[in-house]
Amino acid sequence: MTLANSSSNSEAIQKLQPTGWMKYISFSLDHKVIGLQYLVCGFIFYLIGGALAGAIRIELTTPISDFMPRDVYNQVLTLHGTIMIFLWIVPVVNGAFGNYLIPFYVGARDMAFPRLNAVAFWLIPPAGLMLISSYFITGAAESGWTAYPPLSITSPAAGQIIWIISVLLLGGSSIFGGINFIATILKLRQPNLKLMQLPMYCWAMLGTSILVVLSTPVLAGTLILLSFDIVAHTGFFNPSLGGNVIVYQHLFWFYSHPAVYIMVLPAFGLVSEILPVHCRKPLFGYTTMVYSIMAIVILGLVVWAHHMFTSGTPPWMRLFFTIATSFIAVPTGIKFFNWVATLWGGKISLNSAVLFSCGFIINFVLGGITGVALAQVPFDVHVHDTYFVVAHFHYIVYGGSVFVIFSSIYHWYPKFTGRMLNETLGRFHFLLTFIGFNLCFAPQHWLGLNGMPRRVAEYDPNFAFINQISSLGALLMAISTLPFLWNIIWSAFNGGIAGDNPWNALTPEWLTSSPPPIENWEGNAPLVTEPYGYGTINQEDLVEPTPESPSEESSQ
Amino acid sequence: MGLLFGGLWIGQNINLLPLGASANAPIYDELFKVLLTIGTILFLGMVVLVVYSLIRFRRRPGQTGDGAAIEGNLSLEILWTAIPAIVVLFVGLYSYDIYERMGGMQPLNHHANDASSHEHFNSGNGRIWGGIGSSSLATPQQSAAIPIDVTAMQFAFLFHYPKGDFISGELHLPKNQPVTLRMESKDVIHAFWVPEFRLKQDVIPGQPTILNFTPTKTGRYPIICAELCGPYHGGMRSTVVVEGAEEYQDWLLSNTKVSTSEK
Ligand code: HEM
Ligand SMILES: [Cu+2]
Ligand SMILES: [Cu+2]
Chain G
1100 MTLANSSSNS EAIQKLQPTG WMKYISFSLD HKVIGLQYLV CGFIFYLIGG
1150 ALAGAIRIEL TTPISDFMPR DVYNQVLTLH GTIMIFLWIV PVVNGAFGNY
1200 LIPFYVGARD MAFPRLNAVA FWLIPPAGLM LISSYFITGA AESGWTAYPP
1250 LSITSPAAGQ IIWIISVLLL GGSSIFGGIN FIATILKLRQ PNLKLMQLPM
1300 YCWAMLGTSI LVVLSTPVLA GTLILLSFDI VAHTGFFNPS LGGNVIVYQH
1350 LFWFYSHPAV YIMVLPAFGL VSEILPVHCR KPLFGYTTMV YSIMAIVILG
1400 LVVWAHHMFT SGTPPWMRLF FTIATSFIAV PTGIKFFNWV ATLWGGKISL
1450 NSAVLFSCGF IINFVLGGIT GVALAQVPFD VHVHDTYFVV AHFHYIVYGG
1500 SVFVIFSSIY HWYPKFTGRM LNETLGRFHF LLTFIGFNLC FAPQHWLGLN
1550 GMPRRVAEYD PNFAFINQIS SLGALLMAIS TLPFLWNIIW SAFNGGIAGD
1600 NPWNALTPEW LTSSPPPIEN WEGNAPLVTE PYGYGTINQE DLVEPTPESP
1650 SEESSQ
Chain E
640 MGLLFGGLWI GQNINLLPLG ASANAPIYDE LFKVLLTIGT ILFLGMVVLV
690 VYSLIRFRRR PGQTGDGAAI EGNLSLEILW TAIPAIVVLF VGLYSYDIYE
740 RMGGMQPLNH HANDASSHEH FNSGNGRIWG GIGSSSLATP QQSAAIPIDV
790 TAMQFAFLFH YPKGDFISGE LHLPKNQPVT LRMESKDVIH AFWVPEFRLK
840 QDVIPGQPTI LNFTPTKTGR YPIICAELCG PYHGGMRSTV VVEGAEEYQD
890 WLLSNTKVST SEK
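Top line first, the protein sequences correspond to chains G and E. With my numbering, letter number 289 in the first sequence gets 1388, and the count goes up by one each step, no holes. With my numbering, letter number 115 in the second sequence gets 754, and the count goes up by one each step, no holes.
In isolation and in its complexed conformation, chain G is listed as follows:
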């Protein structure tokens, strides 16, 4: 593979790419096109996964199983989890924003391996379609996104095998992406750009990609062994053939705990880009932020067994994983205090991007607190595998990552399209989402504490009322996507013209036209060594892409 910006050959190839809207459904090598492909594709899967969630919440409005057959319920549940994780959050926070932004941030004209990049994207639609079509052809997998054996071995094989193949393809896509990000950040950086001058999202993606590359292969290996157990009747995880079901759980969570950081570290990075721009202040505590990310990466690799406290883990293991897990709260806490310090004393524009970012802070703090509680073995043995855990991780993945995705769309849409989004609709969208989300998931803490296990289609009639409140919240969330969808479609044609840099931001993606040209900048790439120099860098410098002379402009 050639490095994109080192050969003129690749420029010639880029010229051969289709133009106009066609390029978005082509095998384009342009990182910006690929980024948007990830984003739109991910959003379509999000709508599908959301419809499945709606079906789940409808079933749960009554304590009996009456909306769909029980095995279909389990299929819907499995598809919902798998789609949301592997086809929406992971591809979007990594693939979409990573591809779009990282080359800008390091001052490159494309990713290190453009063809690998396109391959990584184009693995996703077929994998997703295969996964979903399995429902119509053979019946989808019905053992949950965790696919614990022996249930995954004894339930209908066809759906489970298709599930495994899709997840393997998606894992492959994710690994290709990870390698590409590491290479781009480390090797395509402008010669004079130091690592510690990079925007925070680069650090987040570097950390995330390390996790992807280290842990995804373990998942792949595990799922391949599982598929052998299913089709060839080997006995790796099959207890009736002498296999060990607990080993699967260790291997699975060795990937899947880091996976939760693969979903949230990039979101941390995105928030770190968005807040300084709209607060007009430097990101507070850059260095500690970088170290926190790296600490999370390292700790994130040694906490997996906190998902297995009731699996018959010996006491020493329970203790070790309690301690390791609790300590993740320290680097995480530092990041949150730093964001608040970034807000403090700023001149904050209360726009949709900021609202969603602050919504993220509030939701994630609650999810982090319940996370630390769950890490305590004596606490967890009561609430493990209940709706309390469901509430915890939705506060993290929805209240955290999804809120950040929305925030990022509000922030970068002008760059993507050259047009502004409607602010009023945006704030309305935030309000509906925030209320709906909390109404849906906060009551689930109570459900779990009081005896409702997760992944059930029927439950104790005493819980009916709280479940109905939760479903009402889900309805609000579903409605809240309508103003958003309307906004992004309508504004693409009728939004106000954004100009190059509507937010007066200092990071390099704004120092070019909107949308940017194929090679990212018309002239030389600007060297941005102070991506957060608000309050020191003169506003006029933004007009010329040479922001290298900090002037004396004071901050009143």
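Be aware that one or more of the hints could be misleading.
[Said to hold, decoys possible] Using 25 Å as the maximum straight-line C-alpha spacing, the simulated DMTMM-like pairs for lysine to aspartate or glutamate come out as follows:
#1 G:LYS1293 / E:ASP889
#2 G:LYS1286 / G:GLU1618
#3 G:LYS1293 / E:GLU739
#4 E:LYS814 / E:ASP889
These aren't lab readings, by the way, just hints derived from the structure by calculation.
Starting from the known structure of chain G, arrange chain E with the ligands on it as the hints suggest.
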């Protein structure tokens, strides 16, 4: 200040848990209160900080220019490394203490050997892992723990009483008597959960697990399967009946008679 008291008040006065009916339930509830108090203070503190900043530092109409160019502050950053570190340290030590009082650190294999009057449990040779140990209340009379064999299958729990050698679909237990459940699954993974006991333990095929506890309040409580085990997972429930010593003996005897006369 208000935050502190608010958190304390909520932690002490809001009850989110069901009735506690085992010896470790009160210990659990103590831990829960502490976690809820700390959690509430931290959460409300963060919300107040964010909302206050958004209001106080919002950009007024017509305002231009940037905020103060503060890039960091070492002592502040040390402060907020220390806050989560201290909280986590405290929570960790405290929950370790709770765990020990629940009997979590007692070697379970030892229990298992004590109670392994039943043949197939001897063959477990050290692979018997377990849930939380019996709580402090039970420690003195360990040998008195009533052994019961639990078999889980799609989609039911079966309770085998070695004493009368019969199988019941309902779990009957005498009040204030330590119990040892020796559990194994016939097919897929299930989990034995009684919310009122604050206890859960997976029931695993090929790997026996143990759960020790002492019920302390008479009543009927649900036994819930908490691990996805197939289409009827949500319906996989049973009941535990905690009763006085005499009723329990009567129940035991009546069942023993029935099953022997049937043979
Ligand atoms: C302060 C940091 C966190 C701590 C201490 C923490 C702790 C935990 C613990 C102990 C569990 C297991 C609960 C159980 O099943 O009994 C859990 C579950 C989970 N957590 Fe977190 N967590 C944290 C942050 C996160 C983040 C950042 C994410 C994702 C972005 C996340 C996503 C999840 C998910 C998806 C599950 C459920 C997995 C499943 O069983 O399907 N958590 N967390
Ligand atoms: Cu985890
Ligand atoms: Cu079950």
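Outcome of the hint check:
Taking the CA atoms of LYS1293 (chain G) and ASP889 (chain E), the gap is near 80 Å; set against the 25 Å cutoff, the hint is violated. With a C-alpha separation of about 18 Å, the suggested pair LYS1286 (chain G) and GLU1618 (chain G) falls inside the 25 Å cut-off, and the hint holds. Distance restraint check for LYS1293 (chain G) and GLU739 (chain E): the Cα-Cα separation of roughly 50 Å exceeds the 25 Å cut-off, and the hinted pair is therefore not satisfied. The hinted pair formed by LYS814 (chain E) and ASP889 (chain E) meets the criterion: a straight-line CA distance of about 14 Å does not exceed 25 Å.
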